[in-house]
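**Student:** Given two chains presented individually in distinct reference frames, assemble the corresponding complex, making use of the accompanying hints.
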Amino acid sequence: MERHFDQELAKLKEELLRMASLADAAVANALKALVQRDNALAEQVHVGDDVIDKLDVEIDDRAIKLLALRQPTASDLRFITMAMTISGELERIADQAVNIAHRALELNKEPLLKPLIDIPRMAETARGMIREALDAFVYNQPDRARAVINRDNDVDNINRQLHRELTSFMIEDPHTITRCLSLMSVAHNLERIADHATNIAEEVIYICEGRDIRHQPTTP
Amino acid sequence: MTALLERPMKTATPTHAAPPLDAQTTETAPPVPPSLADEEMVLEVRDFCLWYGAKQALFDLSLKFPKGKVTALIGPSGCGKSTLIRSINRLNDLIDSVRYSGDMLLNGASIFGKTVDVIELRKRTGMVFQKTNPFPMSIYENVIYSLRIDGENRKSILDETVERSLQRAALWDEVKDRLNESALQMSGGQQQRLCIARAIAAEPEVLLMDEPCSALDPIATGKVEELIYQLRGLYSVIIVTHNMQQAARVSDYTAFFYLGQLIEYDATDKIFTNPGKKQTEDYVTGRFG
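Respectively, the protein sequence lines represent chains A and B. Under our numbering, the first residue of the first sequence carries the number 1443, and numbering increases by one thereafter. Under our numbering, the first residue of the second sequence carries the number 14, and numbering increases by one thereafter.
With the rest of the complex left out, here is chain B (with noise of 0.2 Å):
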C-alpha cells in the first residue's frame, strides 16, 4: 500500500532509527486482537509512523477502532498516544515539523486524502481537550457552533440539537433555563461536558478525548466518566488517560504504547487483569510509567 502524504516528505529516511528496546517490544501487538473479532471497526490505522523533525514518535502503528465502544490509549508520557490520537483529526498537520508515513481509515477512506477536506474531516473526528475550551459565546451557539459553520439556521433544527447535545451530554437539566448566558460562567465540569455536547452535536464517526478530566474536581470527573461510559453504543470514543483506573472504569478496550509502539491491545478486563505482556504488566501495577 502506497503511503498517502500531505505533507511531503523532507527528507526519504528517518536519520534516528527507533530507541533501543528490549526483546519484548520488538513484537508489536495485531492490529484486531481475538477480543475485538466480532466488532464492526470505525477506523483502521496502517502502518502508520511519525516524526517531530528528525525524531521519530510512532512506529509502523498498526490498529482497529470499533464501532460504538470506548477505547482507551494508554501509556508512560512521551509514549506518542496523544501523537496518535492528534494525528487522527490530523491537528499535527498545524507542527511544521511533523511527517507521517502509513495512513489511517475512517469508516474506509482515507483521511489524509487530496480531496479530503480538514475542516470537514474535525466535524467527522469531534475532539474534547484537556483543557475545557468553550468558545466566548452563550451555552447555546458553543453547541451548535458546526451546525452554523454549515449554514443551518432553522430554528427547530438548531433547538432540537441543542437539547439532544446537552441531553447526551448529561447537562441538559443543569442549563436548560439558561441556554443564552456566556458558557465562560458554567464551573470547569460543566464547560467539559458541554465540550463534549459540542462535539457530539457534529454527530462525530469518532469522538476524540485527550485527556478530558485532568483539570477537572473528583466530582465532576465522576461526571465526565459516567457520561463516557453512557456514550458507547451511540459514539466510537477514542480516549488518551493517564489515569489507569480512568481507563479502566470507562473503556471497552485499551491499547497500551511504550516507545512509540503498540504493545498490546485487548478487551479492557484482560489488560487490568491478566495482561498478556510483561511490560503491560509493569505499567497497569505501576511498577514503571
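Next up, chain A with everything else stripped away, as it sits in the complex (with noise of 0.2 Å):
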C-alpha cells in the first residue's frame, strides 16, 4: 500500500541528496581551488555554505515534523533519524571544505612548496567515499557501506605518510614551516571528511539492518 507518508519520506531523501551533492561539491571546489591557486574559488567555498547550513536546518526541522506528526516505526523511524545525523555529517563535510578553502587563500599567498600528490589523491578517496556511502544511502545497499568503511584505513594511511614527509621538509627548511603547517591542516580536515564519511555509512547500514555498529573494535 502506498502511503501519503512515503511521499514525505521520499522529499526528505531528496534533500538530503541534495545536501550531499552541494557538500561534496565544495569539498571538490576547495581542493581545485588549492591545486590551481584560485582565490574566487575558494571565495565561493566560504559563500556557498551558508546554503548548506540552511538544508541542514530545513532536513532536521522536517524530521522533527515527522517524527510528531507520524510516529513513525521500524524502519521508517530509522530511516528519519539517521537523515537528522546524515545531515549533521554532510554539514561537518562542507565545514571542513570551507577550512580547506581557507589554507588555500594562505597557501596561494606564497610560492607552491611542492607539487600536490598526496592531498589530491586523499581528496579523491574521501570523495569517493563520501559518493559511495551517499549511493548505498539511496540504494539500500549495506554491502556498499560496509566498504565504504574499510576504505577509511587509506585515508589515514596517506594522511600520515604526508605528515612525515612535511615534517622532514620542516626540519631541513624552517622557511617551509607555515606552509607545511598549512598542508598538514588541510590533510586533517581531508581525514577529517573520510571520517564524516564513514559515520553516513555506519548510518546506512542501521538503516537497512537495524544494526548499530559504531564503536565495535572490528567492522563486520
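In short, the hints are calculated from the structure, not lab data. All residues carry an ideal CB built from backbone N, CA and C; glycine is no exception.
Only part of the chain A face toward chain B is listed, based on derived beta-carbon distances under 7 Å:
id, residue
1, 1513
2, 1515
3, 1516
4, 1518
Here are the simulated distance ranges between beta carbons:
id, chain 1, residue 1, chain 2, residue 2, range
5, B, 245, A, 1503, 34 to 44 Å
6, B, 90, A, 1449, 21 to 31 Å
7, A, 1654, B, 227, 30 to 40 Å
8, B, 189, A, 1496, 49 to 59 Å
In silico lysine-lysine, DSS-like type, Cα no more than 27 Å apart, as pairs:
id, chain 1, residue 1, chain 2, residue 2
9, A, 1507, B, 283
10, A, 1453, A, 1507
11, B, 291, A, 1455
**Tutor:** Right, dumping it as C-alpha cells:
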C-alpha cells in the first residue's frame, strides 16, 4: 500500500541528496582552489556554505515534524532519525571544505612548496567515500556501505605518510614551516571528511539492517 | 501431549484448511524469543487451535507470557488476538460453535482441566473490556465484588482491599469521599479504572485487557495507559490493542498476529525499531492492516 507518508519520506531523502551533492561539490571546489591557486573559487566555497547550513536546519525541521506527526516505527523511524544524523555529517563535511578553502587562500599567497600529489589523492578517496556512502543510502545497499568503512584506512595511511614527508621538509628548511602546517591542516581536514563519510556509511547500515556497528573493535 | 478439551470436538478434523499465506507466514515465531529468556513465565499457550464452527481462527499457537510484565497483542482485525485473550479466561466457552485443541497452562496448571472451576479461573484471570462495565452498585461494592462472591464480610479486609485496589488503579484520590455513590455516575475514564480496580482486587495471576482505551477520550486514555505502565511488577498484563503507539508506550513485549498465526514475538522496542519479519515491519509502519 502506497502511503502519503512515503511521499514525505521521499521529500526528506531528496533534500538530503541535494545537500550531499552540495557538500561534495564544496570539497571538490576547495581542492581545486588549492591545486589551481584559484582565490575566487575559495571564496565561493565559503559563501556556498550558507546554503548547506540552511539545508541542515530544514532537514532537521522536516524530520522533527515527521517524528511528531507520524510517530514512525521500524525502518521509517530508522530512516528519519538517521536522516537527521546524516545531514549533520554533511554539514560538517562542508565545514571542512570551508577550512580547506581558507588554507588555500593562505597558501596561494606564497610560492608553491611542492607539486601536490598526495593531497588530491586523499581528496579523491574521501570524495569517493562520500559518494559511495550516499549511493548505499539511495539504493539501500549495506554491503556498499561496509566497503566505504574499509576505505577509511587508506585515507589515514596517506595522511600519516604526508605528515612524515612534511615533517622532514620543516626539519630541512624552517622557512617552509608555515606552508607545511597549512598543508598538514588540509590533510587533517580531508581525514575528517573521510571519517564523516564513514559515519554516514555506519548510519546507512543502521537504516538497512537495524544494527548499530559504531564503536566496535572490528567492523563486521 | 494430549489436548485437554472441556467441550467435545464436533468433528475430528477441521473442514477448512488454513488460509493460504505467503512463504513468510508459514514459519511462526518461537514461543519464547531470546529476549524473554530470563523472564519467569506466568502463562503458557501450547499448540492452541480454535475454530468458530468450520472456520479456524487460531492456528497452533505456542507462546509464553512473562510474569509481572506487560505483553501487547497486536495485529490487523480478524487476526485472532481477541479470540486468544478470550480463550485465556474461557469466555469463548459461552459460544456454542467454538471448539479448540491444545492447552493453556496458568502457573503450570491447565485451565481446561476437568476439575477447573471456570468462575474461579476468571478470578485468577481478571479481564477489562473495551466497553466499561461497572456493575449498577456503589463504587465500594464494585471493587469488592469478587470478595463478596467468596463470602468475605470482614469490614477491615474489605476496606483495605478497596483502598489498595483503588490506589493501584490511580482512582483513590478522585473517589475516596464518594465510595458509596453509584459507579454509573462516574466518567468513562473513571469507570474503566474502576473496572481495573475491580479486576485487581481479586489479585489475578494475569490481567487481561481487550482494547481497554478504545472507548476513552485522549486524557482518560493517557491515565489508563499510565496505570497499565505502573501495574508492571505487580501484575502480569496481557493487552490487546489496535493502537500500535499504545502497544509501544505501555508494553514490555509485543506479539504480532496475522490470520490466526503468531508471526513475531519479541521485546517491544525491537518490534517497533527493528522487527525481524517483513510482515511485522509492514504492519507497524502502517503499510497494511
